[in-house]
Amino acid sequence: MSAARPGRVVVIGLGNRVRGDDAAGLEVAGRLRRAAPAGVEVVEHEGDAAALLDHWQGAALAVVVDAVRAGGEPGSLHRLEVVPGGQAGSGIADRAWQVSSHALGLAEAVGLAGALGRLPGRLVLVGIEGGVVRRRRRPVPAGRRDRRACRRGGPGPGHRRGRDSRLSIRARVAIPRRATDRPAPTAGWSASTTPR
Amino acid sequence: MLVRTRDGRVETVELRIYEPPRFFEAFLRGRAYTEPPDTTARICGICPVAYQMSACTAIENACGATVDGPLADLRRLIYCGEWIESHALHVYLLHAPDFLGYDGAVEMAADHRDVVQRGLAMKKAGNEIIALLGGRPIHPVNVRVGGFYRVPAKRELLPLAEQLRRSRDLALETVRWVAGFDFPGFEGDYELVAVRSPDGEYPIFGDGVASSGGLDIDVHDLGEQLVEHHVPHSTALHASLGGLERPYMCGLLARYGLAAAALSPLAREVAAEAGLGGVCRNPFQSIVVRAVEMLYAFDEALRLIDRYEQPDAPAVPVEPRAATGHGVTEAPRGMLYHRYELDGDGVIRSARIVPPTSQNQRQIEDDLRRFVEPRLHLPTDELTRRCEQAIRNYDPCISCATHFLDLEVAEA
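Here the protein sequences line up with chains P and S, keeping their order.
Going by the working numbering, the first residue of the first sequence is number 1, and it counts up by one from there.
Going by the working numbering, the first residue of the second sequence is number 1, and it counts up by one from there.
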């Protein structure tokens with residue numbers, strides 16, 4: 001275990017700004033940066049999750065916020081606490097945490113940190129259910145999406161394609177299939193954070 | 001992956017890639033000639049610099065602009081950062097677990113903590129180069145056609161050099177470590193293809209490509225000589241070069257085989273110590289060559305920083321003109337070709353991008369065909385694992401997924 005500096009708290013928002021709702025974690029971090037109490041570090045991190053090991057180095061508490069896909073309503077929240085030693089937090093093995101558009105995903109970074117003794121004192125993962133994570137899309141607040149859908153009563157004449165795809169989000173799983181998009185392992189997180 | 005056999009002989013191997021098309025070439029049509037470095041960087045999270053550099057050189061080629069001196073050195077420096085980062089990731093987190101019998105990096109880390117820490121430390125050093133020159137470690141934002149938006153002062157590079165000097169020792173240890181792995185006896189008579197570097201440097205930038213079989217193609221002719229075609233079993237295009245019937249290999253075995261003499265003295269010495277000859281024809285030993293290239297990239301980065309003097313301007317002017325330009329550079333996993341056709345206002349009329357993984361696809365299938373035949377008796381799980389390792393030799397983009405292969409053997 002890396003020596004935790006007493007009281008150091010870091011909030012890390014993960015995501016990709018040009019993949020729609022995948023930017024949710026960055027959005028949270030960006031807003032928090034303006035509102036965070038003194039002593040709370042805020043990091044916006046795009047890209048390879050291996051760098052998380054450096055970001056949470058020595059923290060007593062690290063909170064990582066990322067978009068997830070678990071089949072719930074866009075905007076709904078998932079919370080998972082990873083306990084060093086692997087006794088809890090089996091949910092990291094869920095498919096929701098396994099999808100990454102980068103070399104190393106969050107689940108692997110947590111697994112790697114656990115194996116290397118580089119987890120922070122406490123690690124809390126907050127997952128925000130994403131809707132549209134297609135390229136070149138701005139994040140869409142779930143509330144606004146709902147209002148639009150109500151107002152229009154669904155796709156109609158004159159709709160642009162992009163808007164239609166936002167409206168129909170609940171009917172489909174929107175993350176494109178990629179090489180890093182893996183089927184979910186079934187065992188606990190400490191044994192199965194390897195990509196499959 | 002589908003293997004068709006008849007009487008114990010492998011007839012065909014098909015590697016079925018199902019990644020859907022991403023339409024980047026179509027996105028670029030109608031966009032400004034200044035946009036491809038940023039747009040194409042998004043093609044890959046591991047090698048964005050390669051996409052930026054092939055894009056920049058192709059557009060400058062169309063516009064008749066030349067980027068040289070310290071700006072060219074900075075480009076080579078940021079490219080070294082990408083090689084270090086990508087090679088460290090592949091050696092430590094993807095390929096080494098194959099050789100040591102682990103399912104993946106996490107399992108390996110439990111038993112080899114210091115080793116994995118070493119890999120992460122080098123990867124971080126590569127990140128630092130990219131972050132300093134590119135503005136951030138992934139998808140750099142400071143690269144532009146003609147050079148950079150901002151260039152560092154010499155003094156900004158000095159702390160980086162300190163860090164690189166320390167990390168170079170780790171790269172040295174890496175070569176010695178991987179040289180001790182067990183490699184299957186498997187060699188091929190490959191057509192090795194790499195970028196031709198006119199000034200005798202180890203290939204990163206160049207003005208064409210050359211091969212071990214004597215191909216020598218100017219970058220202007222590459223568009224015609226590099227032919228891509230669809231195959232029914234895969235969404236990834238296959239490629240052929242220079243009218244050759246047989247597949248060819250690009251990537252680090254090709255670079256090493258064609259230009260080992262251009263490595264730094266230290267890298268050459270350590271390669272010899274690791275038992276590599278002037279040419280390495282065993283793709284499983286690519287992990288050793290990768291470690292040697294990583295060491296070279298540290299050496300080269302230090303050489304470039306040492307001679308760097310801050311230029312007067314961060315970029316040279318690049319005026320658009322109606323022309324077609326070509327660029328080819330060495331991504332960590334092999335040569336990456338870009339072509340742009342511009343109109344007089346600098347609007348892109350057409351774009352073409354040929355990445356290394358698709359060029360190596362045929363060679364990977366050919367390797368698998370030869371590799372699988374004497375191993376058909378193995379249980380499917382074991383054969384699958386070994387085939388994954390054989391594919392991973394090429395460091396293809398699909399290697400992100402540690403276990404990605406569904407193997408099907410069909411007896412005729």
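Be a bit skeptical, because a hint or two may be false.
Partner residues are not named here, just some residues of chain P that face chain S (Cβ under 10 Å, in silico) [what the hints assert, rightly or not]:
no., residue
1, Val-40
2, Glu-41
3, Asp-48
4, Leu-104
5, Glu-108
6, Gly-111
7, Gly-114
8, Ala-115
9, Leu-116
10, Arg-122
Every beta carbon over 12 Å from chain P, so not counted as near; a handful from chain S, in silico [unchecked claim]:
no., residue
11, Ala-88
12, Gly-104
13, Ala-110
These are calculated hints, taken from the structure and not from any lab test.
Note that the structure is a prediction, hence the values are computed from the model and not measured.
The beta carbon of each residue, even a glycine, is placed where N, CA and C say it ideally should be.
Cross-check of the supplied hints:
{"no.": "1", "hint": "Val-40", "verdict": "22 Å, violated"}
{"no.": "2", "hint": "Glu-41", "verdict": "18 Å, violated"}
{"no.": "3", "hint": "Asp-48", "verdict": "6 Å, holds"}
{"no.": "4", "hint": "Leu-104", "verdict": "7 Å, holds"}
{"no.": "5", "hint": "Glu-108", "verdict": "6 Å, holds"}
{"no.": "6", "hint": "Gly-111", "verdict": "4 Å, holds"}
{"no.": "7", "hint": "Gly-114", "verdict": "8 Å, holds"}
{"no.": "8", "hint": "Ala-115", "verdict": "4 Å, holds"}
{"no.": "9", "hint": "Leu-116", "verdict": "5 Å, holds"}
{"no.": "10", "hint": "Arg-122", "verdict": "20 Å, violated"}
{"no.": "11", "hint": "Ala-88", "verdict": "10 Å, violated"}
{"no.": "12", "hint": "Gly-104", "verdict": "4 Å, violated"}
{"no.": "13", "hint": "Ala-110", "verdict": "4 Å, violated"}
Violated hints, listed in ascending order, are 1, 2, 10, 11, 12 and 13; each of the other numbered hints is respected by the structure.
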